[in-house]
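S.K.: Starting from the structure of chain A, add chains B and C where the hints point.
What follows is each chain in one-letter form.
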Amino acid sequence: MSTGTDISTDAPDPTGTGGGAFGSEDWAGANANANANVDGDSAGDPYGRGHSPLRILRLYFRFLGTHFRGAMEYRADFWIMMVAAVLTQAVSVVVLTAIFRLIPELKDWTFWPIVIMFGMVTLGEGVGSLCFEGMWRVAWLINQGELDYMLVRPYPVLLQVTSSEIGLNGLGNITTGAAMLVLGILHSSIHWTVATVVVGLILLVSGVTVKVAISLATNSASFWVASPSPLFAMAVHQAGELTRYPLTLFPSPLRVTLTVAVPFAFIGFFPTDFLTGSHALWIALVTPAVAGYCLLMAVLIFRRGMLRYESTGS
Amino acid sequence: MSALVAAPQTGAVTPVGLRARSRPYRAIARATLRSVLAFRLQFALSLLSVLFQLVAMLTVWHALLSARSIPGFTWPQMEAYLLVGFSSGTLVSTMSDFRVSYRIRTGQVALDLVKPVDYQSARLAETAGSLVTELASICFVWAVMLAFGLRIALPPTPYLALFAVSFALIALLKFSVIYLTGLLCFWTKNYVGLQWCRLAVTSVLSGAVVPLSLLPHWLGTTAQWLPFAGMSSTPGLILIGDATGWYAVRLVAVQLAWAIALWLIARLAWRGALRQLTIHGG
Amino acid sequence: MAVIDARGLTKVFRQPDKKPGWAGSFKHVVSRTYQEKVAVDGIDLHIEPGEAVAYVGPNGAGKSTTVKLLCGILVPSAGEVRIDGLVPHEQRAAVARRIGVLFGQRTQLWWDLTVADSLATLREIYSVPETLYRSRLERFDEVLGLGDILPVTGRKLSLGQRVRADLAAALLHRPSVLYLDEPTIGLDVAVKERVRTFLRSLGDEGITVMLTSHDLQDIEDVCRRLVIIDAGRIIFDGDLAALKDEFAKDRVLRLETAGPIESAELAALLPTCEVTAGEHPRAVTVRFDRFTTAAGQIVSAVGTLAELTDFQVEEPSIEDVIRRVYAGELLAGAGADSDTAESDTAEPVTAGDVA
Numbered sequence: 001m002s003t004g005t006d007i008s009t010d011a012p013d014p015t016g017t018g019g020g021a022f023g024s025e026d027w028a029g030a031n032a033n034a035n036a037n038v039d040g041d042s043a044g045d046p047y048g049r050g051h052s053p054l055r056i057l058r059l060y061f062r063f064l065g066t067h068f069r070g071a072m073e074y075r076a077d078f079w080i081m082m083v084a085a086v087l088t089q090a091v092s093v094v095v096l097t098a099i100f101r102l103i104p105e106l107k108d109w110t111f112w113p114i115v116i117m118f119g120m121v122t123l124g125e126g127v128g129s130l131c132f133e134g135m136w137r138v139a140w141l142i143n144q145g146e147l148d149y150m151l152v153r154p155y156p157v158l159l160q161v162t163s164s165e166i167g168l169n170g171l172g173n174i175t176t177g178a179a180m181l182v183l184g185i186l187h188s189s190i191h192w193t194v195a196t197v198v199v200g201l202i203l204l205v206s207g208v209t210v211k212v213a214i215s216l217a218t219n220s221a222s223f224w225v226a227s228p229s230p231l232f233a234m235a236v237h238q239a240g241e242l243t244r245y246p247l248t249l250f251p252s253p254l255r256v257t258l259t260v261a262v263p264f265a266f267i268g269f270f271p272t273d274f275l276t277g278s279h280a281l282w283i284a285l286v287t288p289a290v291a292g293y294c295l296l297m298a299v300l301i302f303r304r305g306m307l308r309y310e311s312t313g314s
Numbered sequence: 001m002s003a004l005v006a007a008p009q010t011g012a013v014t015p016v017g018l019r020a021r022s023r024p025y026r027a028i029a030r031a032t033l034r035s036v037l038a039f040r041l042q043f044a045l046s047l048l049s050v051l052f053q054l055v056a057m058l059t060v061w062h063a064l065l066s067a068r069s070i071p072g073f074t075w076p077q078m079e080a081y082l083l084v085g086f087s088s089g090t091l092v093s094t095m096s097d098f099r100v101s102y103r104i105r106t107g108q109v110a111l112d113l114v115k116p117v118d119y120q121s122a123r124l125a126e127t128a129g130s131l132v133t134e135l136a137s138i139c140f141v142w143a144v145m146l147a148f149g150l151r152i153a154l155p156p157t158p159y160l161a162l163f164a165v166s167f168a169l170i171a172l173l174k175f176s177v178i179y180l181t182g183l184l185c186f187w188t189k190n191y192v193g194l195q196w197c198r199l200a201v202t203s204v205l206s207g208a209v210v211p212l213s214l215l216p217h218w219l220g221t222t223a224q225w226l227p228f229a230g231m232s233s234t235p236g237l238i239l240i241g242d243a244t245g246w247y248a249v250r251l252v253a254v255q256l257a258w259a260i261a262l263w264l265i266a267r268l269a270w271r272g273a274l275r276q277l278t279i280h281g282g
Numbered sequence: 001m002a003v004i005d006a007r008g009l010t011k012v013f014r015q016p017d018k019k020p021g022w023a024g025s026f027k028h029v030v031s032r033t034y035q036e037k038v039a040v041d042g043i044d045l046h047i048e049p050g051e052a053v054a055y056v057g058p059n060g061a062g063k064s065t066t067v068k069l070l071c072g073i074l075v076p077s078a079g080e081v082r083i084d085g086l087v088p089h090e091q092r093a094a095v096a097r098r099i100g101v102l103f104g105q106r107t108q109l110w111w112d113l114t115v116a117d118s119l120a121t122l123r124e125i126y127s128v129p130e131t132l133y134r135s136r137l138e139r140f141d142e143v144l145g146l147g148d149i150l151p152v153t154g155r156k157l158s159l160g161q162r163v164r165a166d167l168a169a170a171l172l173h174r175p176s177v178l179y180l181d182e183p184t185i186g187l188d189v190a191v192k193e194r195v196r197t198f199l200r201s202l203g204d205e206g207i208t209v210m211l212t213s214h215d216l217q218d219i220e221d222v223c224r225r226l227v228i229i230d231a232g233r234i235i236f237d238g239d240l241a242a243l244k245d246e247f248a249k250d251r252v253l254r255l256e257t258a259g260p261i262e263s264a265e266l267a268a269l270l271p272t273c274e275v276t277a278g279e280h281p282r283a284v285t286v287r288f289d290r291f292t293t294a295a296g297q298i299v300s301a302v303g304t305l306a307e308l309t310d311f312q313v314e315e316p317s318i319e320d321v322i323r324r325v326y327a328g329e330l331l332a333g334a335g336a337d338s339d340t341a342e343s344d345t346a347e348p349v350t351a352g353d354v355a
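Residue numbers (my numbering), protein chains in the order written: chain A, 1 to 314; chain B, 1 to 282; chain C, 1 to 355.
Treat the hints as calculated values from the structure; they're not laboratory data.
In this text the structure is predicted, and so the values were computed from the model without any measurement.
Think of the CB as a built atom: it goes at the ideal place given N, C-alpha and C, for glycine as much as any other residue.
Worth double-checking, as some hints may not be accurate.
So, partial list: chain B residues that the calculated Cβ filter (under 8 Å) puts toward chain A [to be verified]: (1) Leu48; (2) Leu54; (3) Ala56; (4) Ile70.
Covered stretches of chain B (in silico footprint by chain A; criterion: 3 or more residues with CB under 8 Å from a CB of chain A, positions within the stretch not fixed) [unchecked claim]: (5) 60-69; (6) 177-191.
Computed cross-link-like contacts, EDC-like style, restricted to lysine to aspartate or glutamate with a CA-CA straight-line distance of at most 20 Å [unchecked claim]: (7) C:Lys192 to C:Asp215; (8) C:Lys249 to C:Glu314; (9) C:Lys192 to C:Asp230; (10) C:Lys192 to C:Asp112; (11) C:Lys249 to C:Asp230; (12) C:Lys37 to A:Glu310; (13) C:Lys192 to C:Glu220; (14) C:Lys37 to C:Asp320; (15) B:Lys189 to A:Asp77; (16) C:Lys249 to C:Asp320; (17) C:Lys156 to C:Asp188; (18) B:Lys189 to C:Asp112; (19) C:Lys37 to C:Asp5; (20) C:Lys244 to C:Glu319; (21) C:Lys156 to A:Glu310; (22) C:Lys156 to A:Glu241; (23) C:Lys156 to A:Glu146; (24) C:Lys249 to C:Glu315; (25) C:Lys244 to C:Asp215; (26) B:Lys189 to A:Glu73; (27) C:Lys192 to C:Glu314.
The shape of chain A in the complex, shown without the other chains:
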């Protein structure tokens, strides 16, 4: 046992009779092995992909799971979030119904296709909340300096951020979104072929990706604009809510913005347009491309933001 300030810097005690934190571990051996196993491909790897991709994914779900367990401890809160999500969606449906009690169609769009659009937008939001809610905390993490600890862990920082919280309302949104989607599809006479189904699924996944990507990109703005809450991301999110309604309603400048600058239109509008009407080939091809592009841009913006964090120290 070491005494006072008389610290010996001799070799570690291999017999384990010394006291201290790690006792009888063969420190040099154990550590070296551990490091060798996982370090193999980490040279020149700035963001910690020392783990294999499968392991990274497994860990990600594990993180989400622990937050989920933590959240479930508060039964009342859980149900409040679920009710809130369902209520919010229900309200938008009530509004839509009220509108359609007055008119049979809105600029060539009937009720049920719009419900499909609602469903897709809601689904995208739900997946974002359930699986990637953490990104809405970027502003807060920076503000509180919590990113520092993330930077010293051997796991990609972006994934640590997105998994840092789970949005239970996501469950509510996924359920209501799926319900709206299914009901909308059932009531719209869509001619289903294998191709349509496949394309439909691709469009759905692409749409969800676009939503998550835009949220990530806008939340990354917090790296440049300090604030305890992600106001820019929330403002852009509100803009996106416009796309629950057919894009054709809006004036040109707005349509262009929502298609090109922040491609919210590819979440619900274009996919629904494809399914219920036009079956336009360009939609089937462009949407996944847009999704990929948005995801890439979002990750790059986040990385750039991290770089800025590292040079300015928040």
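M.R.: Chains B and C only, in chain A's frame:
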């Protein structure tokens, strides 16, 4: 000369006279205004959010009204009505929600409690402080809309006065509703969910998005008697001339009654919340 | 080979020059001017495995910035740093496995999880094998009393519990280097003692400890080497004991006697000491260099003049020394030249020396 009176036993000073008594609340209001101005960007962005909703509603209703006409809601009337809805959404919104719940969640409420001011009134004073910027932005948006061709046929003077009263009551009603929702934080840790529930319910029942008369009959009639109607529908209807005579007076009376009732309910709820805080430690 | 190796490490922060008010904000949007703040200015630091180094300096001196640079949280503006031969901001994962960090003011535990869950999660992140994990937890329980706090949720931890849990979290993967940034802030005396004992023991395991703290007792108890930084530059780097021997040579002996004592008479008997009168005629204070004069000599000297009834010894304190270093009174090397850009190791014992 200070209108303060020293208490004989403790030496603590008690303010005397309205001016002196209101000083701490005025100070709170001023401080809030300063901090809101300091967060200019934040305010601008939250304003932008509400603006997007306005744009959505204007677009949808314009399309709707060009397809068919609805009695009592010509397009100019609808525009004005939706603008009142927008104004209502902007009032008492600047981080007021966040502030109320934040204080409770972080335990700052303990600090607030030791201040010699009435908790509820202090929170009201805070919202009053941010009202200045909110009103400024509302005026700005109205001005822009007018410049873009909005035409309002102003109702005759007595109704204009009634509108002014009704509009003023919006802030008080909103404050009470938000405050009451905030108090629920003493029982549940989760504020965001409560806020969303409140926003969902309010947006429909206040008529901000769809006029109450156009909702399914049972929903619309019930809504008229709830406090939310006073938050947008009542002033809106009066402004566009759809509520006249005793109907209008009745609507405002209901609005006023709710404003008072909610304030009192909040005081009761506060005592319950305090009990919760002291028993369970918040 | 040095486990922490920094050469010419520099960090410059560019802060936008923002004037207050609406005019200021507007101008800021139109044309930006920047102010440069040099937080860390050409630091050379070489720390060998197993050393316990105290990193001390006034507020704003650049301590936290240095630690962040050494962790890879900040990217250096100039110079280079290597941890175990690796560059932190380039090989983040590899370095992350070798270092453990504890920021005193923030916890790395998850707010909503129990300490046990947090540690289990960290175990997955660092790929700690099951058996090692269990034995380490047991060990932490023995030395830190971790077992009691395992079931407690993060947000409900008291400060003392939190620091102990954070220590376990930082060491769970058996890093080679442990950085501690103000770890004992706000802790009560009992917990501080426990933490210090624990930190002392780490050196035996070959774990390098770098500690920044304002609590000088922390430093004295745990560390052997002291590095002082001020305004971004290292102004002292050497053995703590040697520093005290060099600059804190004086002891003070306060004596009380049965009868009155003349300080001038005593001074005559003790020419090498500084003798001053006490608060009353029966008290006298003697300041002496403990290497040239023994306390016993003084006591005997006093005894010849009066009967000694009570005495008090004041040891040199590291606080005095450091305060004097800050004040520029004792600078290492030739003269009190506080503009020396390089780190000063002209002290009697350099860092690498082991007595």
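S.K.: Determine for every hint whether it applies to the structure shown.
M.R.: Consistency of the hints with the structure:
The beta carbon of B:Leu48 comes within 4 Å of a beta carbon in chain A, closer than 8 Å, and the hint placing it at the interface holds. The beta carbon of B:Leu54 is not positioned within 8 Å of any beta carbon in chain A (closest approach about 10 Å), and the interface hint is therefore violated. For B:Ala56, the shortest C-beta to C-beta distance to chain A is roughly 5 Å, which falls under 8 Å, so the interface hint holds. Interface hint at B:Ile70: satisfied, since its Cβ lies 7 Å from the closest Cβ of chain A, which is below the 8 Å cut-off.
With a cut-off of 8 Å between beta carbons, the region 60-69 of chain B has 5 residues touching chain A; three or more are needed, and the interface restraint holds. Here the region 177-191 of chain B counts 4 residues with a CB under 8 Å from a CB of chain A, which clears the bar of 3, and the coverage holds. Proximity of C:Lys192 to C:Asp215 is assessed by CA-CA distance (about 10 Å); at most 20 Å being required, the pair is judged to hold. With a C-alpha separation of about 11 Å, the suggested pairing of C:Lys249 with C:Glu314 holds against the 20 Å cut-off.
The straight-line distance between the Cα atoms of C:Lys192 and C:Asp230 is roughly 26 Å, outside the 20 Å bound, and the hint therefore fails. About 26 Å separates the Cα atoms of C:Lys192 and C:Asp112, which puts this hinted pair outside 20 Å; it is violated. A distance of roughly 24 Å separates the Cα atoms of C:Lys249 and C:Asp230; the hinted pair therefore is violated under the 20 Å criterion. With a CA separation close to 15 Å, the supplied pair C:Lys37 and A:Glu310 stays within the 20 Å bound.
Among the hinted pairs, C:Lys192 with C:Glu220 is consistent with the structure: their alpha-carbon atoms are about 13 Å apart, no more than 20 Å. Under the criterion of a C-alpha separation no larger than 20 Å, the hint pairing C:Lys37 with C:Asp320 is inconsistent with the structure, at around 29 Å. At roughly 7 Å between alpha-carbon atoms, B:Lys189 and A:Asp77 fall within 20 Å of each other, so this suggested pair holds. Under the criterion of a C-alpha separation no larger than 20 Å, the hint pairing C:Lys249 with C:Asp320 is consistent with the structure, at around 11 Å.
For the suggested pair C:Lys156 and C:Asp188, the alpha carbons sit about 17 Å apart, so the restraint of at most 20 Å is met. Taking the CA atoms of B:Lys189 and C:Asp112, the gap is near 12 Å; set against the 20 Å cutoff, the hint holds. At roughly 24 Å between alpha-carbon atoms, C:Lys37 and C:Asp5 are farther apart than 20 Å, so this suggested pair is violated. Between C:Lys244 and C:Glu319, the direct Cα distance comes to roughly 10 Å. Compliance with the 20 Å bound is thereby established for this hinted pair.
With a C-alpha separation of about 31 Å, the suggested pairing of C:Lys156 with A:Glu310 is violated against the 20 Å cut-off. Distance check on the hinted pair: C:Lys156 and A:Glu241 sit about 38 Å apart at the alpha-carbon level, beyond 20 Å; violated. For the proposed pair C:Lys156 and A:Glu146, the alpha carbon gap of about 18 Å is at most 20 Å, so the pair holds. For a cut-off of 20 Å, the pair hint linking C:Lys249 to C:Glu315 stands: about 9 Å separates their Cα positions.
Restraint check for C:Lys244 and C:Asp215: the C-alpha separation of about 17 Å stays at or below 20 Å, so the hint holds. Distance check on the hinted pair: B:Lys189 and A:Glu73 sit about 12 Å apart at the alpha-carbon level, within 20 Å; holds. For the suggested pair C:Lys192 and C:Glu314, the alpha carbons sit about 23 Å apart, so the restraint of at most 20 Å is broken.
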